[in-house]
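Protein chains in written order, with UniProt numbering: chain E, 1 to 336; chain P, 1 to 336; chain Z, 1 to 336.
Read the hints as simulated data drawn from the structure, not as lab findings. There may be inaccurate statements among the hints.
According to the in silico footprint, chain P covers these stretches of chain Z (three or more CB under 8 angstroms from chain P) [said to hold, decoys possible]:
1. 64 to 72
2. 78 to 89
3. 92 to 99
4. 198 to 209
Quick caveat, the model's predicted, so the values are computed rather than measured. Ideal Cβ placement from N, Cα and C applies to all residues, glycine included.
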Amino acid sequence: MATAFARNQWYVAAYASEVGRTFLARTILGEPIVFYRTGQDGRAVALADRCVHRRYPLSESRLDGDTIVCGYHGFTYDTSGTCVFVPGQQRIPRTARVASYPVAELDSFVWVWIGDPELADDKLIPRAPHMADPEFVTVSGMEPIDCDYGLLVDNLLDLSHETYLHGGYIGTPEVADTPITTDADEQAGIVRVARHMVDAACPPFYAKSTGIQGRITRLQDIEYFAPCLYLLHSRITPAGEQNPLFRTEITYAITPSAPGQVYDFWAVSRNFATDDPAVTEFLRDFNHQVVMQDVVALNILQKALDSESAGYQELSIGIDAGGLAARRILAQLAAQ
Amino acid sequence: MATAFARNQWYVAAYASEVGRTFLARTILGEPIVFYRTGQDGRAVALADRCVHRRYPLSESRLDGDTIVCGYHGFTYDTSGTCVFVPGQQRIPRTARVASYPVAELDSFVWVWIGDPELADDKLIPRAPHMADPEFVTVSGMEPIDCDYGLLVDNLLDLSHETYLHGGYIGTPEVADTPITTDADEQAGIVRVARHMVDAACPPFYAKSTGIQGRITRLQDIEYFAPCLYLLHSRITPAGEQNPLFRTEITYAITPSAPGQVYDFWAVSRNFATDDPAVTEFLRDFNHQVVMQDVVALNILQKALDSESAGYQELSIGIDAGGLAARRILAQLAAQ
Amino acid sequence: MATAFARNQWYVAAYASEVGRTFLARTILGEPIVFYRTGQDGRAVALADRCVHRRYPLSESRLDGDTIVCGYHGFTYDTSGTCVFVPGQQRIPRTARVASYPVAELDSFVWVWIGDPELADDKLIPRAPHMADPEFVTVSGMEPIDCDYGLLVDNLLDLSHETYLHGGYIGTPEVADTPITTDADEQAGIVRVARHMVDAACPPFYAKSTGIQGRITRLQDIEYFAPCLYLLHSRITPAGEQNPLFRTEITYAITPSAPGQVYDFWAVSRNFATDDPAVTEFLRDFNHQVVMQDVVALNILQKALDSESAGYQELSIGIDAGGLAARRILAQLAAQ
Chain E
1 MATAFARNQW
11 YVAAYASEVG
21 RTFLARTILG
31 EPIVFYRTGQ
41 DGRAVALADR
51 CVHRRYPLSE
61 SRLDGDTIVC
71 GYHGFTYDTS
81 GTCVFVPGQQ
91 RIPRTARVAS
101 YPVAELDSFV
111 WVWIGDPELA
121 DDKLIPRAPH
131 MADPEFVTVS
141 GMEPIDCDYG
151 LLVDNLLDLS
161 HETYLHGGYI
171 GTPEVADTPI
181 TTDADEQAGI
191 VRVARHMVDA
201 ACPPFYAKST
211 GIQGRITRLQ
221 DIEYFAPCLY
231 LLHSRITPAG
241 EQNPLFRTEI
251 TYAITPSAPG
261 QVYDFWAVSR
271 NFATDDPAVT
281 EFLRDFNHQV
291 VMQDVVALNI
301 LQKALDSESA
311 GYQELSIGID
321 AGGLAARRIL
331 AQLAAQ
Chain P
1 MATAFARNQW
11 YVAAYASEVG
21 RTFLARTILG
31 EPIVFYRTGQ
41 DGRAVALADR
51 CVHRRYPLSE
61 SRLDGDTIVC
71 GYHGFTYDTS
81 GTCVFVPGQQ
91 RIPRTARVAS
101 YPVAELDSFV
111 WVWIGDPELA
121 DDKLIPRAPH
131 MADPEFVTVS
141 GMEPIDCDYG
151 LLVDNLLDLS
161 HETYLHGGYI
171 GTPEVADTPI
181 TTDADEQAGI
191 VRVARHMVDA
201 ACPPFYAKST
211 GIQGRITRLQ
221 DIEYFAPCLY
231 LLHSRITPAG
241 EQNPLFRTEI
251 TYAITPSAPG
261 QVYDFWAVSR
271 NFATDDPAVT
281 EFLRDFNHQV
291 VMQDVVALNI
301 LQKALDSESA
311 GYQELSIGID
321 AGGLAARRIL
331 AQLAAQ
Chain Z
1 MATAFARNQW
11 YVAAYASEVG
21 RTFLARTILG
31 EPIVFYRTGQ
41 DGRAVALADR
51 CVHRRYPLSE
61 SRLDGDTIVC
71 GYHGFTYDTS
81 GTCVFVPGQQ
91 RIPRTARVAS
101 YPVAELDSFV
111 WVWIGDPELA
121 DDKLIPRAPH
131 MADPEFVTVS
141 GMEPIDCDYG
151 LLVDNLLDLS
161 HETYLHGGYI
171 GTPEVADTPI
181 TTDADEQAGI
191 VRVARHMVDA
201 ACPPFYAKST
211 GIQGRITRLQ
221 DIEYFAPCLY
231 LLHSRITPAG
241 EQNPLFRTEI
251 TYAITPSAPG
261 QVYDFWAVSR
271 NFATDDPAVT
281 EFLRDFNHQV
291 VMQDVVALNI
301 LQKALDSESA
311 GYQELSIGID
321 AGGLAARRIL
331 AQLAAQ
């Protein structure tokens, strides 16, 4: 029951800060891609990570200016993927080129288009403006998980698991107990899940980072832009007060790598205590621990599923409405 | 040439001492099962180790009283496998239950029935009464082996390998040289192999643990109750004397875990030097070493077989009569 | 696109120095073989490494004189593979024998014939006489590589990769730039590739080991005797002088082990500084480093190819003439 890949879509390939003058190799939707940045104008380049000659990974090569020199026999490519040098002869075969991928830098991510390059339109990229907004401070990371990317979508669209898998961390009883509202715009490929807790326990990490004592109003509003971008707009305020003071924007990019492998990009942006580096370091460690709880659980879950006989069944209940809507949308996108 | 699994049978899942108030996960005949003991009456419980919701292993969960709370989203099951809580809603779906397995505690083992629960009859369980007999002292252990469980059955039903694989340990030349008698009751599913050595070298470990000097009469009487329980009734006495004084009951439970994986439960019970803890410690270490010689050899053998082309051949001789009878019985049990 | 195995051929199984009175297990063309040397006349013996009884590896056994005693149940074989003892009975089954393989010792290698033993003719073995020539000093080693053996053949028949993969070691720009001449005798199964550089940079290791200062004439003449033996006759002399003074004979034996696995035997024999052990040690380390660059690259390349979809394409140019000829010959040999 692997989730099919949706092509002709933008995917987050890397944080902008990961792409530079050394090679970054990532496999996206099964396609090996090498990323680097030109020296002249600092533009991000994405080329197929296989030399046309004998399929040696170009990421095992070296840059010569802005050209990439294959580390095996020296086939050399420019930023468009065109071969400009082959060893031992002057004539370069006409078909000597590797695919280049459309890329876009937006909101501190490097996005790559997987599919027909003619269809790449960077206006289609969903936005996460807080990632580059000076009013917010962001901590972030990326964890590869050995699981179907659909398991990570499931995980993020149903936050009731916070109470159990992340109990004592970000979960409280109210998260599992509070009903959700789900709204799926299958046409636009967007799923929204809202859970509004008006009188809830304040998880210790929030008490520590905001200074709130006592109970809180806690609003969780998810927006999932299939297939790749997930935003959780989290707002808290002391119970009984108006106007949420404390906004946290949690961003996930869910990038399928290969069957059974997904890149889990996570970022937590806050608009409070932004000039307190101790809070930043605390939240970096804390959120990394929370993410690793998911990583461990999803690795375990995938292993369990891999040992299932073919026709295993699931049982869905109310909390799964968002995840099921996401599955339908992903199936439609993959079928297109 | 993997040995087929025989369902509708009792299998040893654990030593009784292994099952308690934390979870024990074992896979038996390919079925993942979680074992624990109730707090109220100390009864052993065996449930399918997969939550009905998203198939998360329940063994990665926690006990709440005698209920098991899934570590991912909190689905909660009672000891019968019935779901008694789901998150975010009051209504529990009628189909929310996991399979529970019939269990029986006997002779210090926890047995589990794999197959149709209606057919589970604990009078069918073969007995190893010495395991809980105060006249005997037992050392025991369990080793998982990465081999077809049929290879372990082969191994145990032909003791001529003691002379070679366990030479200097439990084997002497007489074991390989002495003819055996084999008696297979295919109706009852029992194989008996006897080897009676009337004037044999005394292996050093027997000399050390019994005090015998000189040659011995050594009787080896195997009873194999297919598919799971193997008893070796070993009796020795100084050569020429009557009435074996020194009885050792060697018990193996051979529990198929998954294709190519078997649990090797081993126990050695003696009726001599029972109040000498030094002998107990010596025999625990010694027998563990002997078992590990088998574990290493069977891992090697399975790897060798895995690299064989499909139609490889074996050559059987007289010593294999017991093993071949066991294979026929296992094939019949699996076909039923 | 795995390269098919060519049977009815001689293959290098080991250096003669590797075969002695303990067992050497090697898998050649998928056939597990155990090698040892008789005590009486020091002859190398090669037997199928699987006991006829239950397929236990004989290499996990022990020698008793010149017979091999299976470590599991004691089946005992003489040097012809005939079983001379079985446990528990006098009668030895007529079919109790393991295959013995024709072997030949030549030029410090132990060669083994894979195929119909009737066709084994040691006059067919290609020669590497410098390996045992007192005028030469040889350093050597063997590295198993997890790649199709065809990738190693490709690697060795196109030395333009010296400039890139081994840049700063054995490569200089002239190697990639100088055209080659290729001559394939498909009837005899021999490929010859020549690259003659008349005014070339002297790689530092040659400067160090020969004492040459300045530019050199560098002649590289490859002879590949499909499927197993590869010779690179390398001659250098100071630019402008006649008569190459410095001869290096580089020998590779390319022995397919199993699909995706190859034994890479490498040896470097020189006719200069033969009485200088410091040069010998330097060249041993240096050439081992160079070989490991190939090993690492071929392991990477095979992993890349394994992740390719079925119909991937290569692009061949002039430098590949030798490798393509070798592929044709190997395909013919495999088809015979």
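We went through each hint and held it up to the structure:
{"no.": "1", "hint": "64 to 72", "result": "holds (count 4)"}
{"no.": "2", "hint": "78 to 89", "result": "holds (count 4)"}
{"no.": "3", "hint": "92 to 99", "result": "holds (count 3)"}
{"no.": "4", "hint": "198 to 209", "result": "violated (count 0)"}
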